[in-house]
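Model the full assembly from the supplied sequences, consistent with the hints where possible.
Taking our numbering, I'd label the letters of the sequence shown as residues 23 to 576.
It is possible that part of the hints are untrue.
[Claimed, not checked] Okay, the calculated beta carbon distance ranges per label pair:
# : residue 1 : residue 2 : range
1 : Gly-352   : Pro-169   : 17 to 27 Å
2 : Arg-183   : Pro-211   : 39 to 49 Å
3 : Arg-390   : Ala-130   : 16 to 26 Å
4 : Asp-325   : Gly-49    : 20 to 30 Å
5 : Gln-313   : Asp-470   : 42 to 52 Å
6 : Leu-292   : His-374   : 30 to 40 Å
7 : His-76    : Gly-352   : 38 to 48 Å
8 : Leu-231   : Pro-169   : 47 to 57 Å
9 : Arg-390   : Arg-312   : 11 to 21 Å
For the record, the hints were derived by calculation from the structure and aren't laboratory data. Every value quoted in this text rests on a predicted model; they were computed, and no experiment measured them. All C-beta atoms in this analysis are idealised placements derived from N, C-alpha and C, irrespective of residue type, glycine included.
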Amino acid sequence: MPHAGAARPRPRPDQETEFFWTSGRDGRLRFRSCTACSALIHPPQPVCRHCRGHDTAVREVSGRATLIGFTVNHRFPLPGMPAPFVVAQVAIEEDPRVRLTTNVVDCAPEDLRLGMLMEVVFEQVGDTWLPLFRPAAAQPEPAPLPPDDPSPEHMRDHVHRASTARRFEDGAVVSGAGASRIGRRLMVPPLHLTVEACEKAVADAGLTLDDIDGLSTYPGGGAYGGFAEGGVTALESALGIRPVWHNGAGETFGPGGSVIAAMLAVAGGLARHVLCFRTVWEATYAELVRQGKIQPPRAGTADGWFKPFGAVSPAVMLAMNAQRHMHRYGSTRETLGWIALNQRAGAARHPHAVYRDPLTMDDYLSARTITTPFGLYDCDVPCDAATAVVVSAAETAPDLRKAPVRVEAVGTQIVERPEWDQATLTHEPQVLGQAAHLWTRTDLRPADVDVVLLYDGFTFNCLSWIEALGFCGIGEARDFLDGGKNIARDGILPLNPHGGQLSHGRTHGMGLLHEAVVQLRGEAGARQVAGARTAVVSSGGLTPSGVLLLRTDG
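Take a look at the structure:
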């Protein structure tokens, strides 16, 4: 990759970050630093997160770093950055807690090794200078990966215990669930799908739309990529519900955050029946962009810390975490493959799943590369669909059409750093703390769970949740997943029996909750897990996420 003058996306410096993006003018790398404890502060902040000191200054560093992750991106080209190219992460020599997402130059990808000593080299793009890295001429023995803080094994030590015996979970139930049609390029406006799913969920609860006094959605009207129906206001306008409470936001506990917010509303007496929904319209959106009927956002500039280096997809970021898990714990591509094969086997039993054809390990391993180590079948299926559930006050349970599904506990605590490249190295960011938090709010344990619906935007999401939730030990997924028997529908941990997002379709987490409700009611037909009475549903992929433990009274 050239590192001078290429017409690639450039960052948008602001008052806080301008020093960083212009630092390379004299060939020097600089960070904000705490004058009290000497910690580097990145991204720049007005306070040191380590000692909470407020006195900071810009500090020049050596420009040396350790290569702690890389992926060869085959799928996502950008202007001035034709694929394939290497996206990498390096730990800064003066403070390895600080990492930069970057590109590697002057080196063939096959010659890269984790732990290599790297040195900075700058590329000027407009009036900014991008810090890229190349292998240093003299290479000592590869350095180990820097430790996580906190480590995955000690995440539970940092979780807050409940300060009161009163549990808001006891005040809410899931009373209804509904799903629209699902498919690739349905060419149906997204609000139509939303209404379809919501009407089904309300009817499933034995309610009418006039009973609904709350609306909740994720991520709200400004949906990522323009893929949704417009949020709470669009649905309220279509149905005329006049909610006394409503909620729509992306900075919540992943897609399930809309449900947890609704639980709080009904437990607190602000509403009695809250309709929660999520619509994805990704496949039709992409087709209409291709036809020129929708104009996508203008490309060519890139804000943030990732896009200037071509890290434009969560796949690119998560691939580096998967690579580090393989490096540290010995997991393999086949480890991830068993998850993909399991989801396809489940989808074969679901009449509406997008992909139902058989999938073999040879198919999985030979599929085209997306971004190493991910291939095509490591990634979920863009589709059009809407999912809805009704969250009701617990005292309404006797009047509902069906026996309600109860929420035993939720896990929501953020323990790791929220920035993707500063968080946990070897697992999906934002799962370890939330998983540990879940088990502090219940007397149930992982062995009591009958079926799991775990977020699988990528196969590695599932692996991360399995270890984080304690279904096997940290670093033990290779043995636990080997052969796929443990996660099969008749295994000890039935995983995503409907096919998950990898084969049923990318319903952005809400489809997992819908399947959990169907399973706990015993209504899943050919894919039913025998005797399912408890379920774990995780929510979120590289976002502040959440996890729910559901149960039935039966």
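Hints, one by one, checked against the model:
{"no.": "1", "hint": "Gly-352 x Pro-169: 17 to 27 Å", "result": "18 Å, holds"}
{"no.": "2", "hint": "Arg-183 x Pro-211: 39 to 49 Å", "result": "47 Å, holds"}
{"no.": "3", "hint": "Arg-390 x Ala-130: 16 to 26 Å", "result": "21 Å, holds"}
{"no.": "4", "hint": "Asp-325 x Gly-49: 20 to 30 Å", "result": "24 Å, holds"}
{"no.": "5", "hint": "Gln-313 x Asp-470: 42 to 52 Å", "result": "51 Å, holds"}
{"no.": "6", "hint": "Leu-292 x His-374: 30 to 40 Å", "result": "35 Å, holds"}
{"no.": "7", "hint": "His-76 x Gly-352: 38 to 48 Å", "result": "44 Å, holds"}
{"no.": "8", "hint": "Leu-231 x Pro-169: 47 to 57 Å", "result": "53 Å, holds"}
{"no.": "9", "hint": "Arg-390 x Arg-312: 11 to 21 Å", "result": "20 Å, holds"}
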